[in-house]
Amino acid sequence: MLKNRERAIGEEVKAIASDRSALVSRWVARALEEKPLPQIIRNLELAFGEPRNERRRDPLDTLINVILSQATSDVNSDRAFASLKRRFPTWEDALRARTSSIAAAIRSGGLAKQKAAVIKDLLRQIREKHGALDLSFLCAMPTREAAAYLAQFRGIGPKTIACTLLFACGKEVFPIDTHIFRVLRRVGLLPDKCSAELAHAIMDQMVPRGKFYSFHINLIRLGRTICRPREPQCGRCPIVEYCDYGRERI
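When we follow UniProt numbering, the leftmost residue of the sequence shown carries the number 1, and every step to the right adds one.
Worth flagging that the hints you see were computed from the coordinates, not collected in a lab. Just so it is clear, the structure is predicted and the values come from calculations on it, not from any experiment. Glycine included, every Cβ here is placed at the ideal spot set by N, Cα and C. There may be inaccurate statements among the hints.
Claimed, not checked - Listed next, with one range per pair, are the computed distances between beta-carbon atoms:
hint	residue 1	residue 2	range
1	Arg247	Arg42	44 to 50 Å
2	Leu23	Arg236	30 to 36 Å
3	Ser136	Arg96	20 to 26 Å
As the list claims (entries may be wrong) - Straight-line C-alpha distance at most 25 Å; calculated DSS-like pairs for lysine-lysine:
hint	residue 1	residue 2
4	Lys113	Lys211
5	Lys211	Lys35
6	Lys129	Lys85
7	Lys113	Lys85
8	Lys35	Lys85
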């Protein structure tokens, strides 16, 4: 009876995954028919430059840094990470420390107690799972397997996974933050009602190979300087001609 139930649940999970995959593929096909994505990417590169991910970073360092970046500025998160590394030169040191000590070290990044608890729990999980506080092996894994490995840890969502794999390993995954999510919805590359998980699945399939890093960085630049939450400057936007929202405003 139990085995039959487990088998039924397994089939249901596969069906849900299959349905989502079909939904993603249909949306991507339709969006690419309406939106010339290579030209959108090109216009952004003409406006902001063509950023290249030439500096590889340690995956665990990157993962912790991404956690610290949540709900704060890059300046504050970088300051918090530097302070954390000064206080705890190795992640083993941080794992042995009290959560309150970690919180004190990262106070400049905001939400210190919550982030310290996540970091301490994450280090514990990695140690138990892998036997060492080292994630460098992720860069040699296929992208889907590396993402699935990170997804098993509590407190790690799709954006954190994508940032880690893109910045540390140069893998072709597309992190979506609040700026990118806003821009993509306004342009019409994402559905109006779209979860973070679905958005990542769509963009991972939609973005051309070799353009994941450039498109990610330039969308953030666009969202911070022009396509802001309030009073976006659509008249200055390099991709306004392709934007559903922008064409209605100018």
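So, going through the hints one by one against the coordinates:
1. Arg247 - Arg42: 44 to 50 Å: violated (19 Å)
2. Leu23 - Arg236: 30 to 36 Å: About 34 Å separates the Cβ atoms of Leu23 and Arg236, which means 30 to 36 Å holds.
3. Ser136 - Arg96: 20 to 26 Å: holds (21 Å)
4. Lys113 - Lys211: violated (37 Å)
5. Lys211 - Lys35: Status holds; Cα separation ~16 Å.
6. Lys129 - Lys85: Given pair Lys129, Lys85 holds - Cα atoms ~23 Å apart, limit 25 Å.
7. Lys113 - Lys85: holds (17 Å)
8. Lys35 - Lys85: violated (44 Å)
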